[in-house]
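Q: Here is what each chain is made of, one letter per residue.
Number of protein chains: 2
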Amino acid sequence: MKGIYKFNFDNVLKDKIGETGISVDEIDELRDFTNLAKANVTKKYEKGDLGFIEVLNEDLEIYEEVKELSKEFDYIIIIGIGGSILGSKAIHQGIYGSSNTYHPKVFYLDNSDPEKIYETLKAVKLEKTLIFVISKSGNTVETLANYFVIKKHMDKNNITPAKPNFVAITGGGLLQKIADKEGYMCYKVPENVGGRFSVLSAVGLAPLACLNVDIHNLVKGAKKMNDICQTDNIFRNPALLNSLIHYKMDNTGKKISLMMPYIGRLHQFGMWYRQLWAESLGKDGNGQTPVIALGATDQHSQLQLYMDGPEDKIMTFLKVNTFKQDYSIETDYDSDLKGHKLSELINSEQLGTEKSITEKGIPNVKITLSELNEYTLGMLTYAYELQTAYSGELFCINAFNQPAVEHAKKLSHAVLKGSIKEKSYNEIKIE
Amino acid sequence: MKGIYKFNFDNVLKDKIGETGISVDEIDELRDFTNLAKANVTKKYEKGDLGFIEVLNEDLEIYEEVKELSKEFDYIIIIGIGGSILGSKAIHQGIYGSSNTYHPKVFYLDNSDPEKIYETLKAVKLEKTLIFVISKSGNTVETLANYFVIKKHMDKNNITPAKPNFVAITGGGLLQKIADKEGYMCYKVPENVGGRFSVLSAVGLAPLACLNVDIHNLVKGAKKMNDICQTDNIFRNPALLNSLIHYKMDNTGKKISLMMPYIGRLHQFGMWYRQLWAESLGKDGNGQTPVIALGATDQHSQLQLYMDGPEDKIMTFLKVNTFKQDYSIETDYDSDLKGHKLSELINSEQLGTEKSITEKGIPNVKITLSELNEYTLGMLTYAYELQTAYSGELFCINAFNQPAVEHAKKLSHAVLKGSIKEKSYNEIKIE
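Read top to bottom, the protein sequences are chains A and B.
Sequential numbering from 121 applies to the first sequence in the working numbering.
Sequential numbering from 121 applies to the second sequence in the working numbering.
Don't read these hints as lab results, they were simulated from the structure.
Be a bit skeptical, because a hint or two may be false.
No copy labels: a pair is met if it fits in one copy or bridges any two.
[Claimed, not checked] Listed next, the in silico EDC-like pairs over lysine to aspartate or glutamate satisfying Cα-Cα at most 20 Å (straight line):
hint	residue 1	residue 2
1	Lys191	Glu542
2	Lys537	Asp446
3	Lys225	Glu149
4	Lys537	Glu464
5	Lys480	Asp135
6	Lys549	Glu185
7	Lys444	Glu247
8	Lys340	Glu491
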């Protein structure tokens with residue numbers, strides 16, 4: 121499997137967007153700063169802190185067992201939330217899209233919304249469903265709740281698949297205890313791999329192997345990107361360069377990082393990036409708010425704001441040269457579209473929008489993939505993981521924790537237990 | 121059909137969030153300012169400029185014809201983009217969710233991505249598919265391209281449904297010409313109804329009637345909200361009050377309007393709001409960037425940033441008291457979740473998160489619906505349309521145009537025609 125990855129940064133340069141921009145010389149002069157960031161990441165890796173790099177050397181044969189098991193099933197349910205599920209969802213949809221018309225069909229239980237579990241139970245046959253339960257801590261309440269409901273539903277209705285149909289992916293907690301007691305097939309989440317950096321560990325690879333994603337080429341792409349990013353020449357290191365660009369733009373008030381793929385299959389990749397960027401850097405008043413838009417669709421929803429609203433955005437275009445399918449636009453009516461392909465139309469919209477926002481002085485970068493397959497998706501995914509690690513260094517932020525959410529969890533627990541009640545003082549009520 | 125709508129603004133008040141907040145007195149003192157905004161909207165309506173209010177008085181019997189026709193079909197395709205499709209999608213998913221397991225199945229062609237049309241053609245039987253083609257101008261390129269491809273596909277493959285299967289909804293342009301020539305059933309988009317305000321016109325109601333949405337109760341809810349909002353007492357007018365709150369928060373640097381429903385069925389409503397808010401107010405450097413998150417899912421992705429990142433957000437929680445289905449969490453394992461319902465869990469997460477971000481001083485409002493049905497969704501939808509109209513007045517922005525996107529369209533057209541080519545100067549290429 122092959123593919124070409126291009127990172128273009130023309131449109132963050134001063135000669136393109138004016139004073140907001142940066143110059144090649146400026147980037148070059150920051151060499152000590154960026155090399156230190158890179159060296160610090162290497163140091164953390166050598167200390168054993170960065171599991172997301174270590175997993176590149178994992179033996180992928182360990183996923184043959186679950187892949188073999190999955191052949192007994194027609195449906196897959198993945199129970200998880202946040203980093204436990206966003207990675208596999210992004211990669212699966214990156215390859216197969218969101219139509220869910222391929223075998224096996226996949227369903228994501230990533231919320232504690234009861235209607236979601238109802239719709240899922242309606243859509244699958246549980247005796248033909250392989251169910252992944254994924255939580256690094258093993259104690260994630262939404263994940264456990266979904267598991268308990270499905271397990272009880274099976275027990276009550278005497279649903280007994282031909283082969284055991286639960287697979288746990290965890291690093292401990294109650295889920296580990298359950299897996300041990302029930303004898304579930306189990307994969308380990310390494311201690312040094314954080315949820316949002318876990319897509320190339322068992323968290324992502326075990327379900328993806330069962331969903332007919334070529335995980336060997338996925339990891340091969342990631343390794344290729346890792347090799348490329350060993351260089352100290354920032355103009356040859358797309359992760360480091362994009363990290364610096366976002367750092368500089370953040371410094372000039374671009375507090376929103378807008379990612380806009382021009383292919384539906386990459387929309388979910390945007391949602392994965394959204395967690396990675398937000399949770400890693402959103403600390404101590406710092407961080408950029410990630411916003412995901414889909415081209416060309418959102419030109420008809422968000423472009424007015426991007427063009428003419430507050431100047432608080434740096435954009436990333438994601439573009440694919442060759443689509444899996446294509447159509448010629450043919451008609452007997454008088455239309456300029458005649459004779460063009462749909463792929464030409466969407467890619468001309470990308471370039472037109474890029475030109476237009478560049479003229480407006482809005483900084484933007486572009487990643488172009490020759491085609492969207494496991495290899496190029498592996499490159500893309502890993503580039504963003506590494507970029508995020510570099511950015512932690514540039515912003516002097518620990519990119520690998522998420523301290524602020526613990527308090528909300530405690531309050532939610534207190535509400536559930538009844539020790540905090542809802543009170544309304546200022547309210548308009550309409551019946 | 122009934123339902124209760126509550127708008128709570130406790131958590132924007134100074135006594136809850138400190139200096140960032142506003143006070144009830146302050147709101148009261150701005151009476152002249154808000155009443156002028158309201159009066160200006162009324163004036164525009166009386167001048168005949170605000171079709172989104174006029175359509176409340178439309179005779180809904182006109183949709184019986186297309187509803188009757190739709191009974192011949194098992195699938196519905198809606199071809200449209202932006203305001204032509206976001207409204208019907210939001211309402212349909214608000215009632216039926218996104219599982220697409222109800223009859224008739226619905227597919228949205230809202231992009232020029234060739235893979236999307238391929239997946240859609242794979243999933244439907246065209247001879248059993250009613251196809252809406254929606255474009256107010258009648259010249260939207262993505263919409264015409266999708267129509268041309270499907271039409272040619274049917275002609276080439278001699279697919280002839282028992283009844284004519286195209287319905288045009290337009291205000292003119294090439295689509296009107298095509299509809300006339302081909303003899304399609306046709307609904308008019310009134311001149312004074314803009315795309316993003318069109319959900320309660322034919323643009324939304326014609327397809328929704330065919331999708332078994334109770335459009336009578338939808339409009340009834342909207343009318344109820346319209347009646348409520350006739351009052352000059354801002355503390356009884358949720359649209360005007362929320363408009364003022366967002367205006368005040370924008371003035372203190374809250375440049376991101378974050379909407380977070382705690383029920384999957386309202387996620388697409390968020391995407392509708394996203395266009396409404398962005399395109400109406402994102403002008404001349406003004407406007408808030410709308411961000412849509414889903415509770416509880418995004419607590420595990422975005423909450424760290426919301427809690428501890430830049431203080432640039434005002435949040436809106438959307439909450440539903442009663443879900444269509446519910447489950448008790450039962451297990452033999454030792455867990456605090458035992459005995460609770462899933463709906464209790466998700467709503468305790470909402471309240472815990474609300475308490476937590478309020479303690480952090482982040483302004484937030486909450487809309488609670490007793491249940492999510494056509495009536496309450498009608499109230500909700502219309503409240504936001506009216507709020508957006510009021511906001512145009514408060515911000516002194518024309519909320520009903522979108523001038524900035526025209527140039528991007530021209531450039532895209534030039535790219536398609538070959539007069540602008542892609543050139544790369546500063547690029548990292550990886551093979």
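Q: Now tell me if each hint is right for this structure.
A: Tested hints:
1. Lys191 to Glu542: neither (48 Å within a copy, 46 Å between copies)
2. Lys537 to Asp446: between (55 Å within a copy, 18 Å between copies)
3. Lys225 to Glu149: Classified as neither: same-chain Cα gap 51 Å, cross-chain 58 Å, threshold 20 Å.
4. Lys537 to Glu464: Answer is between: at 10 Å across copies they meet the 20 Å cutoff, but 57 Å inside does not.
5. Lys480 to Asp135: within (13 Å within a copy, 42 Å between copies)
6. Lys549 to Glu185: Neither: 57 Å inside a chain and 37 Å across chains, both beyond 20 Å.
7. Lys444 to Glu247: neither (33 Å within a copy, 25 Å between copies)
8. Lys340 to Glu491: within (16 Å within a copy, 49 Å between copies)
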